[in-house]
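Enquirer: Quick note, the sequences are listed as chains A and P, same order.
To convert, take the position in the first sequence, counting from 1, and add 65; that gives the working numbering.
To convert, take the position in the second sequence, counting from 1, and add 74; that gives the working numbering.
For the record, the hints were derived by calculation from the structure and aren't laboratory data.
Any given hint might turn out to be false.
Claimed, not checked - Cβ-to-Cβ under 7 Å is the rule here; a few derived chain P residues that face chain A: (1) Leu185; (2) Arg187; (3) Thr195.
Even glycine gets a Cβ: it sits at the ideal position worked out from N, Cα and C.
So you can see what is in the structure, the chains are spelled out below.
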Amino acid sequence: MKLNLRVWRQQNTDAEGAMATYEVDGISPDMSFLEMLDTLNEDLILRGEEPVAFDHDCREGICGACSLVINGDAHGPERTTTCQLHMRSFRDGDTIDVEPWRASAFPVVKDLVVDRSAFDRIIQAGGYISAPTGSAPEAHATPVPKPDADSAFEHAECIGCGACVAACPNGSAMLFTSAKVNHLNVLPQGAPERETRVLDMVAAMDDEGFGGCTLTGECATACPKGIPLPSIAAMNREWLRATRKARR
Amino acid sequence: MTLGPSVGLMALATRTERRTEPQPSMTRIFWRSTVGKKTVMALSGLIMLGYLVAHVMGNLKIFFGPGEFNAYGHWLRTMGAPVLHHSWALWIVRVGLLAAVIGHAVSAYQLSRRDIKARPTAYVHKRPRASYATRTMRWGGIILALFIVWHILDLTTGTVHVGGFEEGRPYQNVVDTFSTWYGNVIYIVAMLAVGLHVRHGFWSAAQTLGAGNARRDRALKAMANGLALVLTAGFVSVPVAVMTGVVS
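The whole structure should be built from the sequences, with the hints applied where relevant.
Expert: Written out as structure tokens, the structure reads:
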């Protein structure tokens, strides 16, 4: 396959960026999107140009490191992570636009790499439980109803990649935050901090400069892990409950 | 055996930090949060929606002739009597609605500013995002606010009314307004905006108030569409009836 790439190049956070056009040849349809970028970077290095910076780690679709808005879609046309997106989703001769996540809370570090540490600070505000550490507790000591366990697991699937923020026209982190809040709030282990968790995590989310939710549903469509849109309603419910109940 | 200083420190280190700084009041937390502001928008929106349902039912009385329509208009001023003085109930409703409009508009303005700031850079690769109703919420809201001003000046105070405004004769006033081409255009455009605004707004309010879940979302969407359709059709039927001579 031969492809025309238009890639966002930006030296650093403060520099002006622009789209740069590259041609890549010899792409196999079985390559992942990141392998295609590796091929481009090898060409660039051989030509003595600076390779395109992009985030990646496990390349198995489970770590949440890869990002990229491909042709206007976070993680590209398939519902998966960029590392699990294969070039067979494109056609020979296609022009592909590759841009970084866009949100003021995710400043561009270089080229396609953005700083997603705002997510870490949201987690630090309440994405934990205060269980004593030590040996593993007896598995049957705390019964968890099956629907609650399923719900917690569904939300725990969030890998924190930030596609929800990138897809949202308001740069809102509501889907991410709701996944993290609901994951722990539905479980008995998360009950002691049920109120402070949701209040503190929503406050941290607002402090990072993410936008508000207008229920466009773009986040849930982009999410490679299928975190559903009703998660946001569930977190709103928890938040409203907490404002009535919280003892601070 | 004496305990060394390190043992004392260890004991301290296992005690988790407590919040000592004074916490802001719950009202402050509520209004500062994007979720709290959305709650204000949802509640004020539902108040206005409830009013619109009552309004459209009153409007449809025009099809039963000037006697019934004018009597209904008169009853609006005597409702609550003899407990309440003439027009007091109407003024209580007006004050409540004004509070809802202000709460809705201030939250919308503050949230919109925040949302626009959270996504300062647009993607180079454009693609249509979200539904038409969702994308037109802000402009639709501004159009509706302007319409409400015109509507009150036209049919409540009579300031911009043409054809001799007569208080206590709403039937004739309505026929006058819809006998002008611009009266019809302004009204019908605004009613289409109402439909679009309610379509996304009702569903969105339900999510904000935490009513949404995977099973209920289909019913909520159907209710939003139904309300939008009934309101728009009900309101638009009046100018159409005047134009076609059904009401004269």
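Enquirer: Find the hints from earlier in the document that the structure breaks and name them by number, from lowest to highest.
Expert: Structure breaks hint 2 only.
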